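Two chains, each in its own frame: build the complex with the hints.
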Amino acid sequence: MEPKEREALDKFFYPQSVAVIGASAEPKKTGYVWVKNFVEYGYKGKIYPINPKEDEILGFKAYKSVLDVPDEIDLVIFIVPAAAMVKIMEECVKKKIPAGIIHSAGYAETGKEGVLLQQKLVDMARQGGMKLIGPNCVGILCPESGHPWARRSTFPKEVGGVAVISQSGGGGGYFINMGEVRGLSFSKFISIGNECDVSVIDFMDYLKDDPKTNAVFVYLEGFRDGQRFLKIAKPLSRVKPVLVYKVGRTEVGRKMTASHTGSIAGSLAVYDGAFRQAGVLRVEDFEEAQDYLTAFENVWYGQGIPKGPRVGIIAGPGGPGVAAADTCGEVGLEVPPFSEETVRKLAEEIPGASRTNPTDIDLGAMAMLKGKNPFVVRANIIEADDNIDMMAFVGLGENNPKAALDAMLEIQATCKKPFIVIWPSAGKEVDECKEVLLQKKVPLFLTPERGAKALGALIRYKKAVERLEKEDLQ
Amino acid sequence: MNAHEQVKEILSKVRKAKRNILLEPEAKTVLSSYGCTVTKEKVAVSAGEAVAFAGELGFPVVAKIVSPEIIHKTDAKCVKVNLNNPEKVKGAYQELMANARAYDPKARIEGVLLYHMISGGEEVIIGLATDATFGKVIMFGLGGIWVEVMKDVSFRVVPLSREDARDMVEEIKGYPLLTGIRGKSAKDIDALCDLLVKVSKLAQANEEIAEMDLNPVFVMDKGAIIVDARIILEE
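Order-wise, the sequence lines are chains A and R. Here our numbering is used: the first sequence runs in plain steps of one and ends on residue 826. Here our numbering is used: the second sequence runs in plain steps of one and ends on residue 327.
The shape of chain R in the complex, shown without the other chains (with noise of 0.2 Å):
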């Protein structure tokens, strides 16, 4: 089964499933089908195979609920991050499904969602939106404040070649960050570009794909690797 077809299987099972949002592990394979580089990770059923999973992965670890009726995981306090030992992955695990159960009694819980928690990389965020006028369109901005307070973003329209890309990404005023400031190492660009040509080349082959939050995604000294992601699909 090729890239392709795998995506479309994934996008046919969630709409079966009559839903338009993915869950975090079906957005990250559809990603990854498309060469795009994501956390390593494994859904956990039991306290026992998070244990497990996290040692598998390496310490430290991010956890976090799988629902479909839970979207906004910070919010409903189903995300623990930097879970350093065996003992905090088993109460992690625990507190997340209490958590979870609290917010919403009805959701059902796929599990629990561990990856390998990144250190070292620059914080970016990667989204897709449908434009009135010019269709589907790719968003670029550096994590935290400078998207939500300053608004330090460019766009460009999809397809984007790789020169659409290098010009949005040293577009937004934040740039100097990439490239390796007060002493902090220079960050992998070309590794960032790739991922914004291969983005584009998911939305284009797959119009039903709405939107897309890749946020964060972490730019690294070699790589660029997406760390959370939300693709809604047409209703």
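So that you can see chain A by itself, here it is in the shape it has in the complex (with noise of 0.2 Å):
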């Protein structure tokens, strides 16, 4: 992205200044909720309240038009009837704000005039120098900045590495509100509403150079322009791994066709095949896009990148590991043998423990070994060996969820190689020692089976990296 794009999008997440069209002193409005969502998530920038009928709003002076503040204005948000907008636009335009955010609909949504409108508005903004996102979206979030969307619900106070595109603004909302449940931070959100100027492509290759994302979910219904996709998302792919959740699955203008090939081409058949060119996961739900996002999280990205597809399952009670190794085998992970080295090391340290790939330890006869915790010694001796590439620590149970935890850490602080901890119990205790897993960013996962599918995950999206970087060879 040439700089001064990249500078233009900037404005979205780092305002100096923000003025807010349609500020309200009515809690029940959105004029209201997000000047004071502002406040609330802490944003250092100068707030201007537009509002001809206000002369203060949640204590900030309001002002008539923009024209009437005497500061510099980086980004406008619209919440006015699409009715008000033309001559609010030739405003924003005189007044030389870069960017602005249409909230409200009534837009290319409602039909044939709404287009014409929608059309009009970003010509003008074009004309004037202005980007824009929506309308009919929820804005933006940017933990760091503290730029809010404009939802009544919470929002992520933790700065981190998964930035979110969402075609949904209430999809998308969900998606962060989840993924806060489930130990996932963010470095920002667009809410792209109807797609006006700015598109989901644009803010993907942002990203691609943002430092403070590591990895892009994006919530899509569809591309306008499937080559440019291609262009743009192989080389974000290169550098960070790119999720799509793709909805929307019935074709609509599909033309009739005189071919066998033509008439099987559905377009998620073809979205597919374009993922896979892009070296883009596709996800089937929010769950497993969360999954995956935590294994590149805190494994890619935290513990480091697993060297080869071979897992070593270290489990609790014996068939939650087989359940794991079924689901590694399915999505091209490796539970292979242990060496000899470790398979009489585990007889030497653990009298009677078994030796094969998945091991269990019997938790109801779960006792410290030479003071150590059964699970930390098993990792010590199998992370040393060769044939392994990552761990998964499956079902930690609820006898002694305390002590499990502290396994986990003290296998977090010492281990050299990737691992996963798949604890599928539930009960007061156990969920306070998750949650302190959650922030301790230990990559923790509810079922053998989706744990094993987030590794799978990650070796996916290696060989993706090695076929893009085999191609630019080419």
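Don't take every hint at face value.
What the hints assert, rightly or not - Here are some, though not all, of the chain R residues that point toward chain A, as calculated from beta-carbon distances under 10 Å:
(1) A221
(2) D223
(3) A224
(4) T225
(5) G227
(6) M231
(7) V245
(8) S246
(9) R254
(10) E255
(11) D256
(12) M260
(13) E263
(14) Y267
Keep in mind the hints are simulated off the structure, nothing from the lab. On a predicted model such as this, the values are computed, not experimentally measured, just so you know. Idealized CB from N, CA, C, for every residue including glycine.
Rendered as structure tokens:
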């Protein structure tokens, strides 16, 4: 992305000053909530509420028009009816505001007149050098700068590495709130709305060079320009993982075709192929996306990139260990036998222990071994095995969750190979221990299958990057 | 005349004839201009010629009607397979002509296409379609029920890299049929990937080609041969 273009988009996330047109003193209105969110989110820049009928909103001096604001304005948020927009846009262009978020609905999604109005506003903005997102969106979320969305829900305070671009404001909002509970933290969130000016693909391009973003999640209805998606997504995937949840599985307006191929080519199948070409991972739902993002944030970026696909499984109860192994096989991972050296050491240090992979621990009889937790003893032995690239600890039980927690934290502090924790139990004490694991950024998964699939995603991505590199050399 | 010019000439000839679907021999010439292997074939305009050509091509042969009006040749009973001696070829020629006239009395018949019938390969399909979002896309799948019923196909957007071609072949569930299972020999997957890349190049260089069906393509122990091909131009 051109530096000039990048600086222009920076204004959406790091504005020095924000004008909120349609700001309100009425707590039920979005114009009130949004200004209040700026205050509560800790935004440090200047806030200019614009409302001809008010003198003051939430302690900020209100202005009749942006033209009355004595300062420069970096970003304008429009919370006004579509019918009033043309005049307001004229003023904003005159004020030379470089970025705008149109929150309100009532444009291209409503029919022909809406399309025309939206296009008129875009033309005016472009002529005036203003970038637009929306209409029909909940805005931006940037925990780093304290730039909040319009939603009435909570917002994540912690700055993290996941960026989210969403073609649904509500859907994207749910994703962020669910992700927080899941232990994820975010760099940026963009609700793109009708995508009248700046597009999903533009923001993908922007995020490629964003130092705060490790991984990108896109909640997608569809791209305008599939060829440009491939052009932008390939170099993006080379440097950071991209996950896409594609909704809207039926195709509208597909041309009738005379060939066999044309009749089979459903749009989802074509998207799938394009995603694979671009090195993008398609996910089936939010949970899968959040599992994968957990693996990327806490394993790939936190612990390190697995050298290969071979998983050592250390299970409490045997069953979940086998379930994890099954899923590993299905997603292209391997669960190889341990080396002779490992088998010998396991026999030596833990009499009666199973020496196969998965290896399981009798949790009922789980006793400390020479003052050490049996998970830690096994982890230390298996970590040194050259046949194993990463480990999964499955089913830590509920008998002594505190001991299991301490073991996992000890492993996190000392283990040099990537690992995940799969802990399906529940209950007050277990939940408290899990909360600590989330806070400490230990990659935690709820079921063996989901954990194994997330490890599979790491290897799929690793292969995708290798493929893109190879392609570049051709 | 280079490959590109040769293809352009065929396409403009088709346009001049006010058609947008290439005849099978035209489609195969277009494909072979881009280095794709197609069945060796000849078009006979008499029963005697058909017998002579069959001898040259080698028995058994397949015989099909060539007519711009008869696109779905199987439905029109205009295909005869496994013709393994001169009598059968002669009989097939006459039967095909009669069937074609019965199917469409006004059809312009340009002759009977003959080619050597291939065996021992794995049947696959390669297709091209124009997608509203991505533009030209290539489809790959195994032949027969694998495509019709199982929808076991993969897509990639043109242009395809060599890596894309390999990925899309490996992606389908039926892939093990190509690597050789149950005592069957391994097929020439490299040749198949080459073919996919060539089809991509052909589509990229000729925007007006809207759709293609290469069905079937036989992937042999060595090489991959296009047995039937349909190319459709934009309206």
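Hints violated by the structure (listed by number, smallest first): Of the numbered hints, just 14 does not hold.
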